[in-house]
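**Q** Each chain is listed here by its residues.
4 protein chains.
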Amino acid sequence: MTSAGPASPPATARGRRTRSALLAAGRELFEECGFSAVGIDAVAQRAGVSHGTFYTWFDSKEMLLREIISEVAADIFSATSIGSRLPADAAYARIEAANRSFLRAVTRHSRILRVLDSLADTREDFLRLRLEIRESFVQRGMEGLIRLQELGLADPQLPPRATASALGAMVESFAHLWQDPVEGLDEAAAVDVLTRLWAGAIGLAPRAWPGGGRAGAG
Amino acid sequence: MTSAGPASPPATARGRRTRSALLAAGRELFEECGFSAVGIDAVAQRAGVSHGTFYTWFDSKEMLLREIISEVAADIFSATSIGSRLPADAAYARIEAANRSFLRAVTRHSRILRVLDSLADTREDFLRLRLEIRESFVQRGMEGLIRLQELGLADPQLPPRATASALGAMVESFAHLWQDPVEGLDEAAAVDVLTRLWAGAIGLAPRAWPGGGRAGAG
Amino acid sequence: MTSAGPASPPATARGRRTRSALLAAGRELFEECGFSAVGIDAVAQRAGVSHGTFYTWFDSKEMLLREIISEVAADIFSATSIGSRLPADAAYARIEAANRSFLRAVTRHSRILRVLDSLADTREDFLRLRLEIRESFVQRGMEGLIRLQELGLADPQLPPRATASALGAMVESFAHLWQDPVEGLDEAAAVDVLTRLWAGAIGLAPRAWPGGGRAGAG
Amino acid sequence: MTSAGPASPPATARGRRTRSALLAAGRELFEECGFSAVGIDAVAQRAGVSHGTFYTWFDSKEMLLREIISEVAADIFSATSIGSRLPADAAYARIEAANRSFLRAVTRHSRILRVLDSLADTREDFLRLRLEIRESFVQRGMEGLIRLQELGLADPQLPPRATASALGAMVESFAHLWQDPVEGLDEAAAVDVLTRLWAGAIGLAPRAWPGGGRAGAG
DNA sequence: TATGAATGAGAGTTCATTCAT
DNA sequence: GATGAATGAACTCTCATTCAT
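Protein chains in written order, with UniProt numbering: chain A, 1 to 218; chain B, 1 to 218; chain C, 1 to 218; chain D, 1 to 218.
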């Protein structure tokens, strides 16, 4: 996780308030307009401070974004690391729980993550940041898959890393596309579909499915 | 598909050459640096003409990108519409063929598609363009799924549109992550994994798999 | 009168036609948009020839204007030099005739004269051109005034040159303000007012007025 | 009168100084070179600031001009609205006073008014501004004429509006032509001539003239 | 003669950043 | 800490003019 220190840490209550206001204003504006379309003027104005004050708290526009993203990353990390305290045989339920919390986390930060994406395209450091965020979820999926393969509950021919990458991307992309309850799917339904797809994809054994197997297909 | 007409079409061979050179230079630079980091000067210089000449052929930087993307879109459309002349029962093979050509097409244009992505974030018109490009593949996947569901060869509980969206996103995202033969997967292996995931995800019936079923799992 | 030679004189009928078309197009556009807002492109396009052809016939945009103005100047000169063959005692009628023809001439060329004005402001050569055009009318007014003063028919205290300048400017300005039949005055009425003002201004003796004097004023 | 607000009003003495310097520099340069020939760089340089600073105080070159002209307009308005506290029978003296102050005001701003003229030719908004400036003087002349006509002291056949327009234009044009003490006329003489012409033009009754009538003519 | 592509100086404008107060 | 004025590099775009064909 990249550290994104302030120009100098706030020493007073007023300083803390100003800094937070800038952080919040920046996040809102980046989400609304993207990175390059947002000027320092706009950030300062929305935070209710003058132009120059921005540089009291941040070294640059980029550092502001970096710090915003740090917060987002921390939130996503915590979303992907909790849970998993389910009994080992409840594979399906664990996948479902993981999908739900990741879907929620990504949806919550969808817009700012896309801002990050657009910078990750050309900037090495942001790319690393981007991959780190994904990694926590992918890692977890990979470990789960390996365990299931070892237990003979998942298709042993699947390469764990690539599989987790692909399925992680599936969930994440879906979260972005799904912005608002598009396609008539509420969260529960979305999680349901994604989990069925995931479970099927890794060939999760019928006895590990809720109801003991998959309905309908041959 | 948005039309992206030139200021005026070239009337001479020299004009055609210059225009192409600008198009090629633009594509290279956008891929290397992203949209906003590329100046007209750089494009003109790489094309070997003066910067004023750029405006002989394009109304703006944006129009240049639009035209580049038109070419990309056309290429992806053709990649996703050919084939599928396999016998109706060879479901797995058809999915595999579709995945292969889409994976190839997206990989081929990976960088420029990400440039498009970054603009799609804040610009309505580019977003539409982006969705159109995806749509051709999603549409095809959806139709295939519906047919299989009707034949009783795929999980009937899956909502076709959302499923095709999610799986399409999986393939596309994988293509982006997979930039260079990362993870030790060559194209054949990548297509194999993705197709296995896809087939499993939709619950493709064992008798439609190559070898009559999936190895190993439960 | 400033000569405004072409880059080279037209040697063929086609050449003559092209040249005229450019001249006409230039005049129309200058009148519609002013000098600096008109591009060579626009002139060429309206004349129905290609961009580069313009320079076959004119050295520069400025030379085009110069030539257009030459035509205008010639027209105004002829308008201010004809007539005056009225009997010497018909002073009022002569003033009226001069005013009418000048008013007409200026009205006819009102817009292009203002284009000239705007350049005359900062360009010595155009200023000279501008003054020359005025001069023909002023000169005539001055000579008339001197004759009338000598005959004891006009206020002898008026300095001829300044008086003719001021009254000439009055007629000319009126022509510009009067663009279209504004103020409900038709040409006859306008000429009538201007002539009454002129005659009164120079103190034209009552016996030289139509009807032997001015109505009403004590 | 069009308002021409700054981007934001200066909050410090330094800001006020800079803004004034830009205004003064702009006025000088517009007067010397005309509007379109003056670049922002030149204005900034003459004001002794960097060109970016210009945009701290003005939104555009056009707005700079607009503000300069606002000042001019205000000055001319005040010049044409004061005075007229002379006894009602002193018609000639009142005309003379009005002519003097208008002549002075226009002379003072001659060059910038011509810049305005050149823009008024093609730009609706500047035209309106131009007419407003004239209007204050014309209006006053018209009202004066009507009163004199009612008192039987001026030619009743003259249409007030057109008459005031024409005579106003006479004075204004004279001011422009008269740039420097050309024609050997000093201000007093110029005012004298213009007032004689004006008084004669409207047929001001002899008893209202200084000395009880006009010397010499018929 | 006519064409249309190429040129490049120069325009107006933006904005991240610096700094004296 | 906060302010707001100043900076200047960089940007997109225009257009009068040149010239090979």
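Do not take every clue at face value.
For identical chains, the list gives no copy identity; a pair is met inside one copy or between any two copies.
Said to hold, decoys possible - Keeping only pairs whose Cα atoms sit at most 25 Å apart, straight-line, the calculated SDA-like set for lysine to any residue is:
#, residue 1, residue 2
1, K61, A120
2, K61, G39
3, K61, A21
4, K61, L23
5, K61, A24
6, K61, V72
7, K61, G48
8, K61, R140
9, K61, S173
10, K61, G34
11, K61, D41
12, K61, T18
Quick caveat, the hints were computed from the structure, so don't treat them as lab data.
All values derive from a computational prediction rather than experimental measurement.
**Q** Hints first: check each against the structure and report whether it holds.
**A** Outcome of the hint check:
In this homomeric assembly, K61 and A120 come within 25 Å of each other (Cα to Cα) both inside a single copy, at 16 Å, and across copies, at 22 Å. Taking identical chains as interchangeable, the C-alpha atoms of K61 and G39 lie at most 25 Å apart whether they share a chain (8 Å) or sit on different chains (21 Å). For the identical chains of this complex, K61 and A21 are intra-copy neighbours only, at 15 Å inside a copy versus 33 Å across copies, given an alpha-carbon limit of 25 Å. Taking CA atoms no more than 25 Å apart as the test, K61 paired with L23 passes inside one copy only; the shortest distance there is 11 Å, against 32 Å between copies.
Proximity of K61 and A24 under a CA criterion of 25 Å is satisfied intra-copy only: 13 Å inside one chain copy versus 32 Å between copies. Taking the shortest alpha-carbon separations for K61 and V72, only the intra-copy value of 17 Å comes in at or below 25 Å, while the best inter-copy value is 33 Å. Proximity of K61 and G48 under a CA criterion of 25 Å is satisfied intra-copy only: 17 Å inside one chain copy versus 30 Å between copies. Within a single copy, K61 and R140 get their C-alpha atoms no closer than 33 Å, and across copies no closer than 43 Å, so neither meets the 25 Å cut-off.
In this assembly of identical chains, K61 and S173 lie within 25 Å of each other by CA distance neither inside one copy nor across copies; the values are 27 Å within and 29 Å between. In this assembly of identical chains, K61 and G34 lie within 25 Å of each other by CA distance both inside one copy and across copies; the values are 12 Å within and 18 Å between. With identical chains, the CA atoms of K61 and D41 are at most 25 Å apart both within one copy (11 Å) and between copies (22 Å). Proximity of K61 to T18 under the C-alpha cut-off of 25 Å is restricted to the intra-copy arrangement: shortest distance 16 Å within a copy versus 29 Å between copies.
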